[in-house]
Amino acid sequence: MYVYLYDNFLRQKKYENVVKAIEIRLTDFGIAGKILRLNNYTDVKEIIEDEIKRGAKTVVIVGDNKTFGHVLSRSATCNVVFGFLPIGKDNSIAGVLGLPVGVDACDVLSRRKREKLDIGWMNNRYFVSQLHVMPSDIEVSYDERFKVTSKDKTELVVCNLQPFYWNKSKKEDDFVVHPQDGKLEAFLRPLTKKKWWGYNYEDPSVFPFEEMVVKSRSPFVVEADGKRSKEIKIKIKLASGKIDMVVGRDRRF
Amino acid sequence: MIFQKPSADIALDKSEIEEPKIYETPQADEVDTVVGLSVNVEGDFASEGNIIVKGSVSGSVHTSKHLLVEPGARIMANVDTGSATISGTIKGNLRVKESLELTASAIVLGDIKVKVLKVEAGALLQGKIVMKVPEKEMRLEDNKKSKKKSIGSRAEKGDQ
Chain A
-2 MYVYLYDNFL
8 RQKKYENVVK
18 AIEIRLTDFG
28 IAGKILRLNN
38 YTDVKEIIED
48 EIKRGAKTVV
58 IVGDNKTFGH
68 VLSRSATCNV
78 VFGFLPIGKD
88 NSIAGVLGLP
98 VGVDACDVLS
108 RRKREKLDIG
118 WMNNRYFVSQ
128 LHVMPSDIEV
138 SYDERFKVTS
148 KDKTELVVCN
158 LQPFYWNKSK
168 KEDDFVVHPQ
178 DGKLEAFLRP
188 LTKKKWWGYN
198 YEDPSVFPFE
208 EMVVKSRSPF
218 VVEADGKRSK
228 EIKIKIKLAS
238 GKIDMVVGRD
248 RRF
Chain B
9 MIFQKPSADI
19 ALDKSEIEEP
29 KIYETPQADE
39 VDTVVGLSVN
49 VEGDFASEGN
59 IIVKGSVSGS
69 VHTSKHLLVE
79 PGARIMANVD
89 TGSATISGTI
99 KGNLRVKESL
109 ELTASAIVLG
119 DIKVKVLKVE
129 AGALLQGKIV
139 MKVPEKEMRL
149 EDNKKSKKKS
159 IGSRAEKGDQ
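Residue numbers (our numbering), protein chains in the order written: chain A, -2 to 250; chain B, 9 to 168.
Certain hints may be false.
As the list claims (entries may be wrong) - Computed from the model, here is a short list of chain B residues facing chain A with C-beta under 8 Å: (1) THR41; (2) VAL42; (3) LEU45; (4) SER46; (5) GLY51; (6) ASP52; (7) ALA54; (8) GLY67; (9) ASP88; (10) GLY90; (11) SER91.
These aren't lab readings, by the way, just hints derived from the structure by calculation. Each residue gets a CB set at the ideal place from its N, CA and C atoms; glycine is no exception.
Working from the sequences, and respecting the hints, build out all of it.
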């Protein structure tokens, strides 16, 4: 049985046609199911667990990158197969998973090609795509073996599903982060040369790792899959093969 | 010809069949570890893939793949690697399984144990170099030593 979780932004008129076309296509494939709408007050994990008790085998997220991160970071521990129907502009994760944006994603969903994906864990919560630490005076220890420091502030991005592009000019051939390699990738970018207009960013350092601790004397801002918090110390670990996901043939791993 | 007799060649026209794309799964050892310019690494620094050092590292460095030390980079550590290209400064012992290349700006203050060594003019090296002798040469050396011993022992018996 399929359950579809629609993001709130799909209520807008401009997505009406796409949503209708998707629902028709799903019916044609025989994989239409229960539709539930998410909003700011819904507890995603509770909803999914209720549906699993009622017999749901596949939970399909319908939305964009934010919807994807929001749902999976809260329900990674649920024992169910996840699918994704990307709609809208902000859908870079869809390309990594080999899913076309829009109606054509239904074809991929019907084929049901499954893969186990790694997921990151930070201070009692999961993150699927990225974890971002804003420029701060941080000290990073990797796998309890070595530590990395910099002269001034450092910005840190931990990637699981897709790399982080600081400049808008994305060079897609540069780096592909693999969600099944048993490692998370950390991109560290120190700030240097304080000039009158601000800091200069250096080229990023790259460290693949399984476990990392980030510490600082003062609280720093952490954003994980869209959720922001302030921490003094965070422990980041890899949860290997945690998510059972329907992916496409053109996936980038 | 518009109408053609059906033949095995037409039926099995492979040009129309899409071959499934085979995605090789990149493993963790294919991801490069990069230590940036103003980054300092302390401790037991190990990686399964290639390592590129532009900043500074102290402690120990280990990889089974390739180590690249860029000009201006400093490593105050013992290094154990599959192969290496050094253009910066290393203060410590180097153990390289395959080949080691020292470029003109390389400074190595420590002992080197390597199989194949390439040194550019201008590289600075202060330490002992130990290279693996090929097996054929080792056997010849052993034979020479055993011959010398046997000649020596016969000479002693003759004197007696």
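Evaluated hints:
For B:THR41, the suggested interface contact is upheld, since its CB lies about 6 Å from the closest CB of chain A, less than 8 Å. Interface hint status for B:VAL42: upheld, as the beta-carbon distance to the closest one in chain A is roughly 4 Å, under 8 Å. The criterion of a C-beta within 8 Å of any C-beta in chain A is met by B:LEU45, whose closest approach is roughly 6 Å, and the hint holds. Interface restraint check for B:SER46: the shortest CB-CB distance to chain A comes to about 5 Å, inside 8 Å, so the restraint holds.
Contact between B:GLY51 and chain A, as hinted, is supported at the beta carbon level, the nearest pair being about 3 Å apart and thus within 8 Å. About 5 Å separates the beta-carbon of B:ASP52 from the nearest beta-carbon of chain A, less than 8 Å, and the hint is met. Interface restraint check: B:ALA54 against chain A, minimum CB-CB distance 7 Å, threshold 8 Å, status holds. The closest approach between the C-beta of B:GLY67 and any C-beta of chain A is roughly 6 Å, which is under the 8 Å cut-off, so the hint is satisfied.
Taking 8 Å as the C-beta contact cut-off toward chain A, the hint placing B:ASP88 at the interface is violated, the least distance being around 14 Å. Of the supplied interface hints, the one on B:GLY90 is violated, with its beta-carbon coming no nearer than about 17 Å to a beta-carbon of chain A, more than 8 Å. Interface restraint check: B:SER91 against chain A, minimum CB-CB distance 19 Å, threshold 8 Å, status violated.
Consistency with the previously given hints fails for numbers 9, 10, 11, ordered from lowest to highest.
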